[in-house]
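The listed protein sequences correspond, in order, to chains L and F. In terms of numbering that gives the first Met the number 0, the first sequence opens at residue 0 and continues consecutively. In terms of numbering that gives the first Met the number 0, the second sequence opens at residue 0 and continues consecutively.
Calculated directly from the structure, the hints in this document are not laboratory data. If you're wondering where the values come from, they're calculated on a predicted model, not measured in any experiment. Please note: incorrect hints may appear among the correct ones.
Said to hold, decoys possible - With a straight-line Cα cutoff of 30 Å, these simulated DSBU-like cross-link-like pairs (lysine-lysine) come out:
| hint | chain 1 | residue 1 | chain 2 | residue 2 |
| --- | --- | --- | --- | --- |
| 1 | F | LYS316 | F | LYS244 |
| 2 | L | LYS50 | L | LYS61 |
| 3 | L | LYS124 | L | LYS69 |
| 4 | L | LYS341 | F | LYS176 |
| 5 | F | LYS77 | L | LYS150 |
| 6 | L | LYS231 | L | LYS203 |
| 7 | L | LYS69 | F | LYS275 |
| 8 | F | LYS244 | L | LYS153 |
| 9 | L | LYS61 | F | LYS387 |
| 10 | L | LYS124 | L | LYS156 |
| 11 | L | LYS314 | F | LYS340 |
| 12 | L | LYS315 | L | LYS287 |
| 13 | L | LYS182 | F | LYS387 |
| 14 | F | LYS273 | L | LYS341 |
| 15 | F | LYS295 | F | LYS277 |
| 16 | L | LYS1 | L | LYS314 |
| 17 | F | LYS77 | F | LYS273 |
| 18 | F | LYS77 | L | LYS315 |
| 19 | L | LYS76 | F | LYS316 |
| 20 | F | LYS275 | F | LYS226 |
| 21 | L | LYS76 | L | LYS338 |
| 22 | L | LYS69 | F | LYS277 |
| 23 | F | LYS77 | F | LYS387 |
| 24 | L | LYS338 | F | LYS340 |
What the hints assert, rightly or not - Away from chain F, derived, C-beta distances all over 10 Å, residues of chain L:
| hint | residue |
| --- | --- |
| 25 | PHE37 |
| 26 | ASN63 |
| 27 | THR89 |
| 28 | LYS155 |
| 29 | LEU210 |
| 30 | LYS292 |
| 31 | CYS419 |
| 32 | TYR428 |
The beta carbon of each residue, even a glycine, is placed where N, CA and C say it ideally should be.
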Amino acid sequence: MKNNHIKHLYWRVGFGVLPNQLMELSEKSKAEIIDNLFKESKTYTPLTLNKDKIETLMLSFKENRMEIQKMSRQKIKTLNIAWVDRLSTTNQILREKMTLFWSNHFSCKDNNYIYTENFHNTLRKHALGNFKDFVNAVSKEAAMTKYLNTKQNKKKKPNENFARELMELFTLGVGHYTESDIKESARAFTGYSHNVNGDFLLKKQQHDTGLKTFFGETGSFTGEDIIDLILKKKQCAKYVCGKIYAYFVNTQINDAHVEQMAEVFYKDYNIANLMRFVLMSNWFYEDKNIGNKIKSPIEFLVGMKTTVPFQFKNKKRLLHIENVLGQVLFNPPNVAGWKGGKSWIDSNTIILRLKLPSLLLNDAYISKIEINSNTTNAERKAMLKKRNSKQYQTNTNWQVFQSNFKNVATQDLENYLLTCKINPEAAQYLSALKKESKREYCIQIMSLPEYQMC
Amino acid sequence: MDRRKFIKNSTLASSLFFVPSFVKAFEQVAINKLGYKRLVIVQLSGGNDGLNTVVPYRNDLYYKARPTLGIAKDQVIKLNDALGLHPSLTPLKRLYDDGHLSIINNVGYPNPIRSHFRSTDIWHTATDSNRYSQSGWIGRYLDNYAKSPHNAIEIGDSLSLAMKGERMNAIATQNPKMSFFMSRDPYFKRIHDHKNDAHLSEHNLGYLYKTMIAAESSAKYIHETSKTYTSKNQYPDNKFAKQLKTTARFINARLDTKVFYASLGGFDTHVNQKAKQKQLLGVYANSIAAFVDDLKANNTFKDTLILTFSEFGRRVKQNANVGTDHGTANNVFVIGGQLKKQGIYNNIASLSDLDDNGDIKFEIDFRTIYATVLNKWLEVDDAAVLNKSFNQLSFI
Numbered sequence: 000m001k002n003n004h005i006k007h008l009y010w011r012v013g014f015g016v017l018p019n020q021l022m023e024l025s026e027k028s029k030a031e032i033i034d035n036l037f038k039e040s041k042t043y044t045p046l047t048l049n050k051d052k053i054e055t056l057m058l059s060f061k062e063n064r065m066e067i068q069k070m071s072r073q074k075i076k077t078l079n080i081a082w083v084d085r086l087s088t089t090n091q092i093l094r095e096k097m098t099l100f101w102s103n104h105f106s107c108k109d110n111n112y113i114y115t116e117n118f119h120n121t122l123r124k125h126a127l128g129n130f131k132d133f134v135n136a137v138s139k140e141a142a143m144t145k146y147l148n149t150k151q152n153k154k155k156k157p158n159e160n161f162a163r164e165l166m167e168l169f170t171l172g173v174g175h176y177t178e179s180d181i182k183e184s185a186r187a188f189t190g191y192s193h194n195v196n197g198d199f200l201l202k203k204q205q206h207d208t209g210l211k212t213f214f215g216e217t218g219s220f221t222g223e224d225i226i227d228l229i230l231k232k233k234q235c236a237k238y239v240c241g242k243i244y245a246y247f248v249n250t251q252i253n254d255a256h257v258e259q260m261a262e263v264f265y266k267d268y269n270i271a272n273l274m275r276f277v278l279m280s281n282w283f284y285e286d287k288n289i290g291n292k293i294k295s296p297i298e299f300l301v302g303m304k305t306t307v308p309f310q311f312k313n314k315k316r317l318l319h320i321e322n323v324l325g326q327v328l329f330n331p332p333n334v335a336g337w338k339g340g341k342s343w344i345d346s347n348t349i350i351l352r353l354k355l356p357s358l359l360l361n362d363a364y365i366s367k368i369e370i371n372s373n374t375t376n377a378e379r380k381a382m383l384k385k386r387n388s389k390q391y392q393t394n395t396n397w398q399v400f401q402s403n404f405k406n407v408a409t410q411d412l413e414n415y416l417l418t419c420k421i422n423p424e425a426a427q428y429l430s431a432l433k434k435e436s437k438r439e440y441c442i443q444i445m446s447l448p449e450y451q452m453c
Numbered sequence: 000m001d002r003r004k005f006i007k008n009s010t011l012a013s014s015l016f017f018v019p020s021f022v023k024a025f026e027q028v029a030i031n032k033l034g035y036k037r038l039v040i041v042q043l044s045g046g047n048d049g050l051n052t053v054v055p056y057r058n059d060l061y062y063k064a065r066p067t068l069g070i071a072k073d074q075v076i077k078l079n080d081a082l083g084l085h086p087s088l089t090p091l092k093r094l095y096d097d098g099h100l101s102i103i104n105n106v107g108y109p110n111p112i113r114s115h116f117r118s119t120d121i122w123h124t125a126t127d128s129n130r131y132s133q134s135g136w137i138g139r140y141l142d143n144y145a146k147s148p149h150n151a152i153e154i155g156d157s158l159s160l161a162m163k164g165e166r167m168n169a170i171a172t173q174n175p176k177m178s179f180f181m182s183r184d185p186y187f188k189r190i191h192d193h194k195n196d197a198h199l200s201e202h203n204l205g206y207l208y209k210t211m212i213a214a215e216s217s218a219k220y221i222h223e224t225s226k227t228y229t230s231k232n233q234y235p236d237n238k239f240a241k242q243l244k245t246t247a248r249f250i251n252a253r254l255d256t257k258v259f260y261a262s263l264g265g266f267d268t269h270v271n272q273k274a275k276q277k278q279l280l281g282v283y284a285n286s287i288a289a290f291v292d293d294l295k296a297n298n299t300f301k302d303t304l305i306l307t308f309s310e311f312g313r314r315v316k317q318n319a320n321v322g323t324d325h326g327t328a329n330n331v332f333v334i335g336g337q338l339k340k341q342g343i344y345n346n347i348a349s350l351s352d353l354d355d356n357g358d359i360k361f362e363i364d365f366r367t368i369y370a371t372v373l374n375k376w377l378e379v380d381d382a383a384v385l386n387k388s389f390n391q392l393s394f395i
């Protein structure tokens, strides 16, 4: 497989590829490489923290409410940090990247740690599985029944929130159902609830067993029946494939490609088969699909971390950086999730993104040589202040970088760190740089707008 | 042409030569101003307890529902024979007396949600409570009417949803000097010195370059315009006052910014509310008073409108921890020099006719306030921004 295709593949299903890995893979065929990606992600490794204390507290839920909330807030932060660590070190990259995708598709958040962790691992478990099982599992997660009020959905007083978003955002997209379909299907999800541990519980006395008319069919449908009926519509396969295409291939949708994907997906709703079809297709590797995606904040941070391992001195500063970049894991803005694409970038985030590699990895200097000759005193002072501010202080392991890139010539570094073509003017500027140190040149490349693309 | 003039003209010409035409077009914006009226939005995050902010001190039901949390009659700063302010709001009494404060009571929305996240979202996006939107009301104002992101500024590290549009986002800045220096690394300058316009048209990468140039341009504009002015007024020493001080600096330097956003958090008072709310309202009122004085001293108060809201009010009945739980309708403060309806805009809702949860029923949809501000103050088509037409109120 060609180097730039491997790089493209690994950026889309992961967070980039290191030189030695690239060299090894370039000997293999596309089918072998893709087989291997699926093989590595075959098993499912839940991400968990020690829950002893919080589980004990939850035995007396009412009395300990405040303390549970407080502990949950802390633990959700820790889980965030743990996930980012895993993303940058795992070999199950496909499963993890899919989990990241689904966490934005089945957008949900909760203030209870146990329910948050359960929900998160349900995403991971079904990430490459069967979509029908997936939707059913999500509909029964404690976090979801809380988030979209299925818990308050009762026979005598239905709450339509979950039914509406199930169709609008999770399966069909706007305009493929009527208001009456929402009302009727909401009745099918009445009584959905959970026990203290977060296990699903159908409250029989709250569940409406009566006849419902949904998509023109009448029956005493349950929630599972409704999901069956939704998935029978080919629009569901099309809608989900469109989202996968926008995330993994190109935000500018090619209808013919999505149509092909939907054909594959509709057969059995097997997510792994769909992904294999996408990654094996020729169009996935067309030039116009390479290096044209704006990295999400997580892709940007984890990508940097993969190249140059770093840890915040104060680990929780990671959440601050996620926040200012606009993507805090486990805390999507709303049920529609992050908009992605161009919406990641505005006047505020672009400057921070361009500065972040130098702030985190190189004492705020993009180039020490340039700084000394071209800055005013005030600017130097301001930069020093930035450098000393605790929020950007990290432990950076440049040795790992030096050893991984040992066989890469400094002037070739850009071929490993960038996926998109550098525009001729920037390339001209880069070629004029002195390239005295590999480390400094790495920072300079990471400070280019081109590095924001994958 | 004399020599001086010649040098001046030639430097101007040569420097323009090196600026990409995109940036030049961008800087033209300053000429095409949006008008001079300004809106300052203040969010009290966490859900401020409105009932202890504007107190119905003659209402027995109030003291019955809050036996240990109610504000005693003799401590209330009386506004009329029914309502009075929390003692920490003494500085606002002066504004009230001068006709610079309008208090709108019972503000909320149909089918209220008692979650912080969702209710904040609803206030920010101005959508119905069962709808979601990825853009905020000020963001959509920018989409429709702004020429540059700095037409709206949030004083902070990151942007609230209210300030994000479909196509344009506001600027978030804590410290304009720092933002300016951040954007001015000599390395960036070199990169786009080497840039030609053809490249800017490229899809996503072109968008990054364009945004980078626009961001530098805005950071430079904000820094260079605002550094001409330093406030002579004293502000309290806290973060919120600092946000308002920066806002005053931007306003008094006549920055071309129509909307400012500041926030004060910590109002989620489930436990021991008295001390916490006393402290927070004190911070709020003293900072606002210093801000108004600063604007008055620079003759900008008459063209400024300050809107204070919180995502929800709190339960009428106090809870077991001498605090209050999440509620619904709340009061909104409007402060300005050109108010049409001064003082108490409407009476507080009945405390005997509560909803199923024991919360105050809303009377005024908050979006009618937004519509009024958009239409009568910012002088734009409110329906285009709110995607719906709402009644106008008469406070301005």
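Here is how each hint holds up against the structure:
{"no.": "1", "hint": "LYS316/F <-> LYS244/F", "in the structure": "37 Å, violated"}
{"no.": "2", "hint": "LYS50/L <-> LYS61/L", "in the structure": "18 Å, holds"}
{"no.": "3", "hint": "LYS124/L <-> LYS69/L", "in the structure": "28 Å, holds"}
{"no.": "4", "hint": "LYS341/L <-> LYS176/F", "in the structure": "27 Å, holds"}
{"no.": "5", "hint": "LYS77/F <-> LYS150/L", "in the structure": "44 Å, violated"}
{"no.": "6", "hint": "LYS231/L <-> LYS203/L", "in the structure": "27 Å, holds"}
{"no.": "7", "hint": "LYS69/L <-> LYS275/F", "in the structure": "18 Å, holds"}
{"no.": "8", "hint": "LYS244/F <-> LYS153/L", "in the structure": "50 Å, violated"}
{"no.": "9", "hint": "LYS61/L <-> LYS387/F", "in the structure": "42 Å, violated"}
{"no.": "10", "hint": "LYS124/L <-> LYS156/L", "in the structure": "33 Å, violated"}
{"no.": "11", "hint": "LYS314/L <-> LYS340/F", "in the structure": "51 Å, violated"}
{"no.": "12", "hint": "LYS315/L <-> LYS287/L", "in the structure": "38 Å, violated"}
{"no.": "13", "hint": "LYS182/L <-> LYS387/F", "in the structure": "24 Å, holds"}
{"no.": "14", "hint": "LYS273/F <-> LYS341/L", "in the structure": "45 Å, violated"}
{"no.": "15", "hint": "LYS295/F <-> LYS277/F", "in the structure": "27 Å, holds"}
{"no.": "16", "hint": "LYS1/L <-> LYS314/L", "in the structure": "38 Å, violated"}
{"no.": "17", "hint": "LYS77/F <-> LYS273/F", "in the structure": "19 Å, holds"}
{"no.": "18", "hint": "LYS77/F <-> LYS315/L", "in the structure": "46 Å, violated"}
{"no.": "19", "hint": "LYS76/L <-> LYS316/F", "in the structure": "34 Å, violated"}
{"no.": "20", "hint": "LYS275/F <-> LYS226/F", "in the structure": "36 Å, violated"}
{"no.": "21", "hint": "LYS76/L <-> LYS338/L", "in the structure": "22 Å, holds"}
{"no.": "22", "hint": "LYS69/L <-> LYS277/F", "in the structure": "24 Å, holds"}
{"no.": "23", "hint": "LYS77/F <-> LYS387/F", "in the structure": "38 Å, violated"}
{"no.": "24", "hint": "LYS338/L <-> LYS340/F", "in the structure": "41 Å, violated"}
{"no.": "25", "hint": "PHE37", "in the structure": "29 Å, holds"}
{"no.": "26", "hint": "ASN63", "in the structure": "14 Å, holds"}
{"no.": "27", "hint": "THR89", "in the structure": "27 Å, holds"}
{"no.": "28", "hint": "LYS155", "in the structure": "13 Å, holds"}
{"no.": "29", "hint": "LEU210", "in the structure": "25 Å, holds"}
{"no.": "30", "hint": "LYS292", "in the structure": "7 Å, violated"}
{"no.": "31", "hint": "CYS419", "in the structure": "6 Å, violated"}
{"no.": "32", "hint": "TYR428", "in the structure": "5 Å, violated"}
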